[in-house]
Amino acid sequence: MSDSEEDIIEGSGDEGEAMTASEVLQKLEEAWITERISPTLERHQSELVDCMLDQINQMTENLKRCKKHDFRLAIHKMEIDRIRYIISSYLRVRLEKIERFAHYLLEKEANTTEESLAVLSPHEVAYARDYISSLESHFQSLVLQHVPENLRTFDAAKMSVKPNMDSYIFLRAKQETQGVDEEVDLEEGSQHLMRYKPISHLLHSGAVTLI
Amino acid sequence: MDATEIEFLAEKFPITIVPNFAQEKLYLISGDVGPFNPGIPLEVPMWLGMNLRQRGKCRLVIPPWMDAEKLAEKKEEESQSKVFTEMPCEHYLVVAQLLLSAAPEDIPNSQQVKTLVKDMWDLRISKLRSSVAEFIKIEGTHAKLDRLTLLEINSIRPFLPHAFDHLHRLSKAAYTSKLSQTQEL
Amino acid sequence: MLGEKALELIKELDRCKDGQLPAFNEDIIRMVLEEMTTLFEQNQRDVYNRLDRIKAMRWEFGSILPADIRANICEPEIQWFNRYNKNLASYMRSLGEGTGLDLTQDTKPPKNLYVEAT
Numbered sequence: 047m048s049d050s051e052e053d054i055i056e057g058s059g060d061e062g063e064a065m066t067a068s069e070v071l072q073k074l075e076e077a078w079i080t081e082r083i084s085p086t087l088e089r090h091q092s093e094l095v096d097c098m099l100d101q102i103n104q105m106t107e108n109l110k111r112c113k114k115h116d117f118r119l120a121i122h123k124m125e126i127d128r129i130r131y132i133i134s135s136y137l138r139v140r141l142e143k144i145e146r147f148a149h150y151l152l153e154k155e156a157n158t159t160e161e162s163l164a165v166l167s168p169h170e171v172a173y174a175r176d177y178i179s180s181l182e183s184h185f186q187s188l189v190l191q192h193v194p195e196n197l198r199t200f201d202a203a204k205m206s207v208k209p210n211m212d213s214y215i216f217l218r219a220k221q222e223t224q225g226v227d228e229e230v231d232l233e234e235g236s237q238h239l240m241r242y243k244p245i246s247h248l249l250h251s252g253a254v255t256l257i
Numbered sequence: 516m517d518a519t520e521i522e523f524l525a526e527k528f529p530i531t532i533v534p535n536f537a538q539e540k541l542y543l544i545s546g547d548v549g550p551f552n553p554g555i556p557l558e559v560p561m562w563l564g565m566n567l568r569q570r571g572k573c574r575l576v577i578p579p580w581m582d583a584e585k586l587a588e589k590k591e592e593e594s595q596s597k598v599f600t601e602m603p604c605e606h607y608l609v610v611a612q613l614l615l616s617a618a619p620e621d622i623p624n625s626q627q628v629k630t631l632v633k634d635m636w637d638l639r640i641s642k643l644r645s646s647v648a649e650f651i652k653i654e655g656t657h658a659k660l661d662r663l664t665l666l667e668i669n670s671i672r673p674f675l676p677h678a679f680d681h682l683h684r685l686s687k688a689a690y691t692s693k694l695s696q697t698q699e700l
Numbered sequence: 016m017l018g019e020k021a022l023e024l025i026k027e028l029d030r031c032k033d034g035q036l037p038a039f040n041e042d043i044i045r046m047v048l049e050e051m052t053t054l055f056e057q058n059q060r061d062v063y064n065r066l067d068r069i070k071a072m073r074w075e076f077g078s079i080l081p082a083d084i085r086a087n088i089c090e091p092e093i094q095w096f097n098r099y100n101k102n103l104a105s106y107m108r109s110l111g112e113g114t115g116l117d118l119t120q121d122t123k124p125p126k127n128l129y130v131e132a133t
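Protein chains in written order, with our numbering: chain A, 47 to 257; chain B, 516 to 700; chain C, 16 to 133.
Keep in mind the hints are simulated off the structure, nothing from the lab. Just so you know, even glycine gets a beta-carbon here, dropped at the ideal spot from N, CA and C. One thing to keep in mind: the hints can contain errors.
[Unchecked claim] Now the in silico label distances, taken between C-beta atoms and shown as ranges: (1) C:Asp61 x A:Ser251: 41 to 51 Å; (2) C:Thr122 x A:Leu109: 19 to 29 Å; (3) C:Ser78 x A:Leu109: 24 to 34 Å.
[What the hints assert, rightly or not] When the alpha-carbon atoms are kept at most 25 Å apart in a straight line, the in silico DMTMM-like pairs for lysine to aspartate or glutamate are as follows: (4) B:Lys540 x A:Asp116; (5) B:Lys659 x A:Glu222; (6) B:Lys687 x A:Asp231; (7) B:Lys597 x A:Glu234; (8) A:Lys208 x B:Asp547; (9) A:Lys110 x B:Asp547.
All chains should be built: construct the whole structure from the sequences, respecting the hints.
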């Protein structure tokens, strides 16, 4: 447990250290919106989540020292609520997708060698594995003992869903990019409805944002 | 995204207030705000401005576009234009609703402003409806939605993306069957 | 359907005198097996959909199922619920480098005080 946690901190990389709290919040908010809209699970951002949780925990501690009628108290509490909402909503959307696409994601994870491209965080991997294994044992105990032997193989992959990468999404171009999906030019600031697949690399490079 | 989430995002945008109190700078996680000095205007996030207004700690400076005359001109421009015109604020509807509900007395001609903002929204949404029909008719694989605000885009979600998903599946199926026919020959 | 076809096979066998066998009816047997597979897959989906509902209850009611719902689910489902609950709890505890975060809370954007005050 503690080993994997250290990995997360080390994995935060150089850009994480240089960012201010408000920049981290901004990035996390973008990640949240993207995750809400994207048809698939995006790369995990545990370092942003951990950083923001740490910020609101520290702030909560500091507020304990404030006097009850301190003018600032209500304001800081409102901000903490706002940030906590973003974090929970973001992680909930991820869990929903992890459950729905568990098989697909773990398979993909097994083929990813580079840590910075990892879609699932180590804790999410553990969650997905236990989730699948719980489904398997449920089917074993409930269904499989009552059916003939020739049918007695539970195909978990059959129950697992793959994300539809051809889903249409709304996007706004942050940088000019030409010839996207063969024929579309994205001018800076323009907004489009397009398929996810041909623009996913632009999303990761930051040239477009989902709206 | 649902409407409450878009409202939540809009509440992050800045608004100018004139405080009636003095307070040192606040070190918020999202950035520093203040210092606050009586009578000196400053920018704060909407959620904070609304809260201070509610507590009687400030007056709101209404954004210049929320003016009956300017809105009437804007409405005329929108109705004359075939394409969507540029809105003065990305979250015009939400901002107007928040300000009108929190501090109608701070807004000159508030009733008229309310009606004009609502008219503008209706105008743009009906324009959007007819262009949606157009998009689907030409069976494009791509639609351009410049100058539409987030809440307006949200009003055609999930309907328009789903319609396009469906068209894409159909054209893919048609392509595959054409391909297999050619192979059979 | 399945039952009828299978019964047909048995009747056919029955009609034959001892020491004789009817021709192996491959078509019917294949149909019966195919239908069994279809039914089995349908059954898997039903089981899966029930779990989805049970899962939703964890998010709605917390780690203790209401008695009326408990009465309507079978023992393996209760076991699955407990396991789901445990997995979710340990994931939520792991968040924020171990400080934890309850994801079943904060399900709606916070509504600021100013709305109630008007």
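**Request:** Check each numbered hint against the structure and report the violated ones by number, ascending.
**Result:** Of the numbered hints given earlier, the structure breaks just one, which is hint 8.
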